[in-house]
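Using the sequences and the hints, build the whole thing.
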Amino acid sequence: MEHTYKTLMKEDIMEISVILAHPYPESFNHAIYQTVLDCLKENGYQVHAHNLYEEGFNPLLEGPELVTGETSDPMVLKHRQEITKADGIIIIHPNWWGQPPAILKGWTDRVLRSGVAYQFEEGDDGSGVPKGLLVAEAAIVFNTSNTPEEREKLIFGDPLERIWKDCVFDFCGIKNFHRKMFRVVASSTQKERQLWLNEVQKIVNNYFPENGFY
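Everything in the sequence shown is counted per the numbering used here, starting at 1 for the first residue and increasing by one.
To be clear, the hints were calculated from the coordinates, so they are not data collected in a lab. It is possible that part of the hints are untrue.
Stated by the list, open to error - Only pairs whose alpha carbons sit at most 25 Å apart, straight line, appear in this in silico DSS-like list of lysine-lysine:
id	residue 1	residue 2
1	K202	K41
2	K153	K131
3	K105	K180
4	K191	K105
Stated by the list, open to error - Restraint-style ranges between C-beta atoms, simulated for each label pair:
id	residue 1	residue 2	range
5	S114	N198	38 to 44 Å
6	S114	K191	42 to 48 Å
7	K191	S72	46 to 52 Å
8	P74	N146	35 to 41 Å
9	Q201	E161	20 to 26 Å
10	Y53	E82	15 to 21 Å
11	T84	Q34	23 to 29 Å
12	V129	W96	27 to 33 Å
13	C167	N146	22 to 28 Å
We put the CB at the ideal spot given by N, CA and C, even for glycine.
And the structure:
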């Protein structure tokens with residue numbers, strides 16, 4: 001595949017939102033997160049880094065907010081503002097029951113709202129197909145799992161691929177999507193983990209290279 005790049009002007013620094021959802025600071029997810037941040041900063045991007053557990057992000061969507069989308073929660077408002085102008089999005093989380101952790105599910109409920117990440121045409125009651133509003137040129141999801149790949153696909157069908165690729169990012173207008181699962185973390189060696197982190201760096205550099213986008 002031929003690579004084409006969007007060139008950055010010196011005064012035009014592209015912004016990347018990085019979201020981590022893992023409660024244990026010594027986890028491999030945190031190592032991925034730090035590798036991503038280091039790589040993006042080295043490549044010259046402005047990074048909006050969010051460790052949801054450390055921030056104390058409130059994932060609970062209440063009734064009035066569900067109906068109107070309005071909230072006075074300053075953290076939610078900050079996330080919404082950043083995600084609407086992000087040139088790239090990277091999400092990092094473990095595979096828990098074939099789903100993201102609850103705090104990240106709540107983040108999608110409260111941040112990727114109608115009017116923020118997508119919009120239905122006027123008069124649509126919500127049963128139609130909305131227009132995606134996110135302007136990010138690429139989205140990456142890094143996952144970890146303790147389930148062998150063959151069992152994951154044969155028994156569970158890899159639901160995280162459908163969730164992020166089709167249900168979230170395609171719905172919100174982002175077609176350039178990449179997801180990488182690292183497994184089996186529980187039995188991995190230090191050498192294996194370092195090789196995985198090297199792969200994280202290669203993926204980030206491919207989609208978010210110095211001075212431009214893939």
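Taking the hints in turn, this is what the structure says about them:
Distance hint between K202 and K41 is fulfilled; the C-alpha atoms sit about 14 Å from each other, no more than 25 Å. For the suggested pair K153 and K131, the alpha carbons sit about 31 Å apart, so the restraint of at most 25 Å is broken. Note on K105 and K180: the hinted pairing holds, with a Cα-Cα distance of about 19 Å set against a maximum of 25 Å. Using a Cα cut-off of 25 Å, the hinted pair K191 and K105 is violated, with the two alpha carbons roughly 32 Å apart.
About 40 Å separates the C-beta atoms of S114 and N198, a value consistent with the hinted range of 38 to 44 Å. The hint said 42 to 48 Å for the Cβ distance between S114 and K191, and at roughly 46 Å that hint holds. A C-beta distance of roughly 49 Å is found between K191 and S72, which places it inside the suggested range of 46 to 52 Å. Here the CB-CB span from P74 to N146 is close to 36 Å, well matched to the stated 35 to 41 Å.
For Q201 and E161, the Cβ-Cβ distance of about 22 Å falls inside the hinted range of 20 to 26 Å, so the restraint holds. Between Y53 and E82 the CB atoms are about 18 Å apart, so this pair conforms to the stated range of 15 to 21 Å. The supplied range of 23 to 29 Å is met by T84 and Q34, whose beta-carbon atoms lie about 26 Å from each other. The given range of 27 to 33 Å is respected by V129 and W96, whose C-beta atoms sit roughly 30 Å from each other.
At roughly 24 Å, the beta carbons of C167 and N146 sit within the given window of 22 to 28 Å.
Hints 2 and 4, counting from the list given before, are not met by this structure.
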